[in-house]
Amino acid sequence: MPKGLTQDAGWQIGVSATLPFPRSVVWEFMVSPEGIALWLGEGAELPPSPTKGTTFETVDGVTGEIRSYRPLDRIRATRGTTTVQLAVSSSGDRSVLRFHQEHLASAEEREQQRAHWQGVMERVTKELS
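Numbering (this note's numbering), first residue to last: -7 to 121.
Bear in mind the hints are in silico, worked out from the structure with no lab data behind them.
There could be a bad hint or two in this list.
What the hints assert, rightly or not - Using C-beta positions, here's what the derived DEER-type ranges look like:
1) Ala9 to Gly72: 30 to 40 Å
2) Thr73 to Ser8: 21 to 31 Å
3) Asp85 to Glu49: 32 to 42 Å
4) Asp0 to Gly72: 16 to 26 Å
Claimed, not checked - Pairs of lysine to aspartate or glutamate residues, derived as EDC-like cross-links and limited to a Cα-Cα distance of at most 20 Å, are as follows:
5) Lys118 to Asp85
6) Lys44 to Glu94
7) Lys118 to Glu57
8) Lys(-5) to Asp65
9) Lys(-5) to Asp85
10) Lys118 to Glu34
11) Lys44 to Glu101
12) Lys44 to Glu57
13) Lys(-5) to Glu101
14) Lys44 to Asp65
15) Lys(-5) to Glu94
Just so it is clear, the structure is predicted and the values come from calculations on it, not from any experiment.
Quick reminder that beta carbons are idealized off the backbone N, C-alpha and C, glycines included.
Take these sequences, add in the hints, and give me the full structure.
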């Protein structure tokens, strides 16, 4: 099976980075309107503690639904035909931010999304600095 292709989730991609900020700082930014716009898309809005089934829509017309929300840990959501997960974990006085996306259509889309998530990670790092 080619790299990035799984039997259950199809094509998938994951991008992670260790950030020099406490977990709570990274989490609070990622669930802020600015952070949500970076990873779910511009125009997406979520309430402070979204529940399973909470929906959103971006200015580009992409719709999604929250599948799970665990404060200071992870958010899993559909985004169009894919599933995206944001996770934040502690690593001493630093944190690890991870994006994972599954159910991608092809190896080409996987590579496009790798570049997308790397760009999101760069913007998050810049915003937090």
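Here is how each hint holds up against the structure:
no.: 1; hint: Ala9 to Gly72: 30 to 40 Å; result: 24 Å, violated
no.: 2; hint: Thr73 to Ser8: 21 to 31 Å; result: 23 Å, holds
no.: 3; hint: Asp85 to Glu49: 32 to 42 Å; result: 37 Å, holds
no.: 4; hint: Asp0 to Gly72: 16 to 26 Å; result: 19 Å, holds
no.: 5; hint: Lys118 to Asp85; result: 19 Å, holds
no.: 6; hint: Lys44 to Glu94; result: 19 Å, holds
no.: 7; hint: Lys118 to Glu57; result: 28 Å, violated
no.: 8; hint: Lys(-5) to Asp65; result: 27 Å, violated
no.: 9; hint: Lys(-5) to Asp85; result: 33 Å, violated
no.: 10; hint: Lys118 to Glu34; result: 17 Å, holds
no.: 11; hint: Lys44 to Glu101; result: 27 Å, violated
no.: 12; hint: Lys44 to Glu57; result: 8 Å, holds
no.: 13; hint: Lys(-5) to Glu101; result: 13 Å, holds
no.: 14; hint: Lys44 to Asp65; result: 15 Å, holds
no.: 15; hint: Lys(-5) to Glu94; result: 13 Å, holds
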